[in-house]
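Read off the chains here:
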Amino acid sequence: MKKPLLEVKNLSVSFKMNADKKTNNNLVINDLSIKAYPGEILTIVGSSGSGKSILAQAILGLLPNNAIVEGQIFYDGMLIDENLLSNLRGNEIAFIPQSISYLDPLVKVGKQVRNYSDKIETIKKQREIFKDYDLCENAEKLYPFQLSGGMARRVLISTAVMENPKIIIADEPTPGLDMESAKKTMDYFKNFAAEAKAVILITHDIELAINYSDKLAIFYAGHIVELTNANYFKKGAKYLRHPYTKALYESLPSNGFKPIEGLQPETSSNKGCAFKDRCKYKQEICDERVNVYEYDDEMVKCNYDFRG
Amino acid sequence: MILEAKNIGFRYKNTGYILKNVDLTISSGEIVGLIAKSGYGKTTFAKIISGYLKQSWGEVLINGKDIPQTGFHPVQLIYQHPEKSMNPRWKMKKSLCENGDLDEELIDTLGIRKTWLWRYPNELSGGELQRFAIARAITKDTKFLIADEITAMLDGVTQAQIWHSLIKISQKNNMGIIVITHNKELANKICTRIVKLNEINNI
Amino acid sequence: MVFGTLISDEMMAANFKGKNQFPSLSHPFGTDWLGRDMFFRTVKGLRNSIVIGTIASLVSSVIAIIVGGLAGTMPKWVDDFVRIAIDLVMGIPHLIFIILISVFVGKGAKGIVIGVALTHWVSLARVIRNEVLQVRNEQYVLISRRFGKNNWYIFKNHMVPIVLPQYIIGLVLMFPHAILHEASVTFLGFGLSPETAAIGIILSESMKYLISGMWHLAVFPGLSLVILVLLINKLGENLTLILNPYLTRE
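Chains as they are written, first to last, in our numbering: chain A, 398 to 705; chain B, 326 to 528; chain C, 4 to 253.
Among the clues, some could well be false.
Said to hold, decoys possible - Straight line, CA to CA, 25 angstroms or less: simulated DMTMM-like cross-link-like pairs of lysine to aspartate or glutamate:
{"hint": "1", "chain 1": "B", "residue 1": "LYS419", "chain 2": "A", "residue 2": "GLU691"}
{"hint": "2", "chain 1": "B", "residue 1": "LYS338", "chain 2": "C", "residue 2": "GLU141"}
{"hint": "3", "chain 1": "B", "residue 1": "LYS514", "chain 2": "A", "residue 2": "ASP575"}
{"hint": "4", "chain 1": "B", "residue 1": "LYS418", "chain 2": "C", "residue 2": "GLU141"}
{"hint": "5", "chain 1": "A", "residue 1": "LYS581", "chain 2": "B", "residue 2": "GLU474"}
{"hint": "6", "chain 1": "A", "residue 1": "LYS655", "chain 2": "B", "residue 2": "GLU510"}
{"hint": "7", "chain 1": "B", "residue 1": "LYS372", "chain 2": "A", "residue 2": "ASP575"}
{"hint": "8", "chain 1": "C", "residue 1": "LYS159", "chain 2": "B", "residue 2": "GLU408"}
{"hint": "9", "chain 1": "C", "residue 1": "LYS152", "chain 2": "B", "residue 2": "GLU408"}
{"hint": "10", "chain 1": "B", "residue 1": "LYS379", "chain 2": "C", "residue 2": "GLU141"}
{"hint": "11", "chain 1": "B", "residue 1": "LYS362", "chain 2": "A", "residue 2": "ASP584"}
Worth flagging that the hints you see were computed from the coordinates, not collected in a lab.
All values derive from a computational prediction rather than experimental measurement.
Excised from the complex, chain A in its bound form (with noise of 0.2 angstroms):
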């Protein structure tokens, strides 16, 4: 049994917000546990703005002020607080974000890749790393604003891996790019599963998921609906387990294009099933609660199991 390299257990994440004179605490992650093993791409796959970012966020340690925290995460077996974070963080778990709006607008890209070091063997690994990714050597002269979306990619994958990452964890990794610079960059992370890297993918192109995962997180409303091996979803949706995997399935284009009605809820709730408003299954029992059906290397969120 391979071990996982990075565990989430029981994360609960909700934040404190002063609406309206009252406190109200907004649940955006709701009791999610998940593994990372080396040598695999799991992917998250959800709705814009359901939370999948802040999950990330969660693990880096990266969450604003007014996050509350819940739960535990785990890196190679040793529990996680800040002081390990802060180390592995940008060490051995290295993040790439959506946009270079994280790198200084100030500084040219080549300083930031590097860190700000000017040590000749740090410099050299710099270009090496560039080569890699085809970037030319000019590059690393630029400012963030002067490179193309796919030269940005390229940018913040390199500065990810100058730290020689055993995890590393991309949000939106092609938002917006075409169908090519989409699959070199997915290609790029294939490598790192190669190099038994864990990766962590978090978005809402699902087929972007299916084609280049190995697992497929499936994430609705704060909870993992879903755990499941991309090739079920090349098989088709009678593989799914969980209606709203079968939904998200049949909603793409090349697979019917039927949507389902409604939309998600806005707070993750605790009763009952987070999906039932808009299940076509929906019994009694899904009010009250909701049953976790795990398997080897699936699971699902259901008081059904779908599946067949």
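With chain A fixed as given, assemble chains B and C onto it according to the hints.
This is chains B and C only, laid out in the frame that chain A set:
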């Protein structure tokens, strides 16, 4: 009603041509897909026919006549990123009603919840904001809609919902739509006709 | 905010008591050579300064908003004109300019108000102009134009809500300058006439008596002026903090 882009050419002062001799015609009731790779001028073209940018050469005509640059522009552009399309200081109801009173049916069709009307843009997700951006732009004077990658950042279910609504609206209002996307399957599913920008652009 | 109430108390006291003549009995600030109670004189003097400061600041801020607004919404040549004007006026030392205007227009309150108003609009105008220009290029404003909205609509509905917090803060922070300038100019003899109770007058007259040891004639009025100015500054800072969430655009 017929929208014609005739012999459109565009360049900035010091650059080469981005668009040259581009011709495109669309009639009301058509849903025309415009496929192009990023950065190849599709957004420039979209901005020209919706009045945001002035072409260097060529004409944009509706039923053979120039489009007046003042007043409500009959060709409305919907951007990919709705976050910047709303004044952050306005509640959603104000943004939505910028062009006139609430159209209940339109809001329903696009799946906009009443409770959202009292929120600020930063409290809503991309999918929710996009619905507002579309609803706001559709009035009785909107003859053509240009959708520039409007669902590229949205998940499958939201994308399907929004497009089903838009197709319904386009039929009811006899409104033509130009769908700019790099997603060929999406274009095949919703468009009555598909045009490739690199085939009509003579740079 | 506690300080804010203190200011209004002071002003109220000035309006309320200042109309008296100044009897000489037990006096917190002492009395002057005519037996006038220094406390009342100081309070009345401050009230005058506040009134003048307020009028001058308001007029100045209106100039600023018009100038900044025009520069941001009108064609380029208006903006160029405004920028040159700003650079010009910025280079002129305020005190000298105010004195010149005072002399030109005739001494007294009118002169000071005009002088202060004409010099202090500059930095606020620049801030407003920058905000307006920035908003002008926002996606939602460009979209508004395609909906057929005209310049006035855009100014009133899109720009004002974003510019307003800056305007209020700028206005509040302008006060202390106006007041200090009024006091200085009056002190130098170019402002309000000697009979009116003005801080500047009080201070300048007290100069003569300092040597004879009547320190209370200068210290209390001077200190009061300083405290008033500091309080207003503090008010401005607090306002900035409160309005800060509205200053950021996200």
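Worksheet entry | Pairwise hint evaluation, GLU691(A) against LYS419(B), where the allowed Cα distance is 25 angstroms at most | Distance ~48 angstroms between LYS419(B) and GLU691(A) Cα, so the pair is violated.
Practice prompt. Starting from LYS418(B), check that the Cα of GLU141(C) is at most 25 angstroms away, please.
Written response: holds (19 angstroms)
Discussion item. Hint check: LYS362(B) vs ASP584(A), CA-CA at most 25 angstroms. Holds or violated?
Written reply: At roughly 19 angstroms apart (the allowed maximum being 25 angstroms), ASP584(A) and LYS362(B) satisfy the hint.
Practice prompt. Measure nothing beyond the straight line between the CA atoms of LYS581(A) and GLU474(B); if it is 25 angstroms or shorter, mark the hint as holding.
Written response: holds (21 angstroms)
Fill in: 25 angstroms Cα cutoff - pair LYS372(B), ASP575(A)
At roughly 20 angstroms apart (the allowed maximum being 25 angstroms), ASP575(A) and LYS372(B) satisfy the hint.
Worksheet item: Under the criterion that the straight-line Cα-Cα distance not exceed 25 angstroms, is the pair LYS152(C), GLU408(B) satisfied?
Response: Status holds; Cα separation ~20 angstroms.
Discussion item. Between the alpha carbons of LYS514(B) and ASP575(A), is the straight-line distance 25 angstroms or under?
Written reply: Answer holds: LYS514(B) to ASP575(A) is near 19 angstroms, not above 25 angstroms.
Practice prompt. Decide if the proposed pair is consistent with the structure: LYS655(A) and GLU510(B), CA atoms, cutoff 25 angstroms inclusive.
Written response: Holds - the C-alpha atoms of GLU510(B) and LYS655(A) are around 14 angstroms apart, at most 25 angstroms.
Worksheet item: Given the hint that LYS338(B) pairs with GLU141(C), does the C-alpha gap stay at or below 25 angstroms?
Response: holds (23 angstroms)
Item to complete: Would you mind confirming whether the straight-line C-alpha gap from LYS159(C) to GLU408(B) stays at or under 25 angstroms?
Response: Given that 25 angstroms is the threshold and the Cα spacing comes to 22 angstroms, the pair holds.
Worksheet item: When you check the alpha-carbon spacing of LYS379(B) and GLU141(C), does it fall within 25 angstroms?
Response: holds (18 angstroms)
Checked against the numbered hints above, the structure breaks only hint 1 and satisfies the rest.
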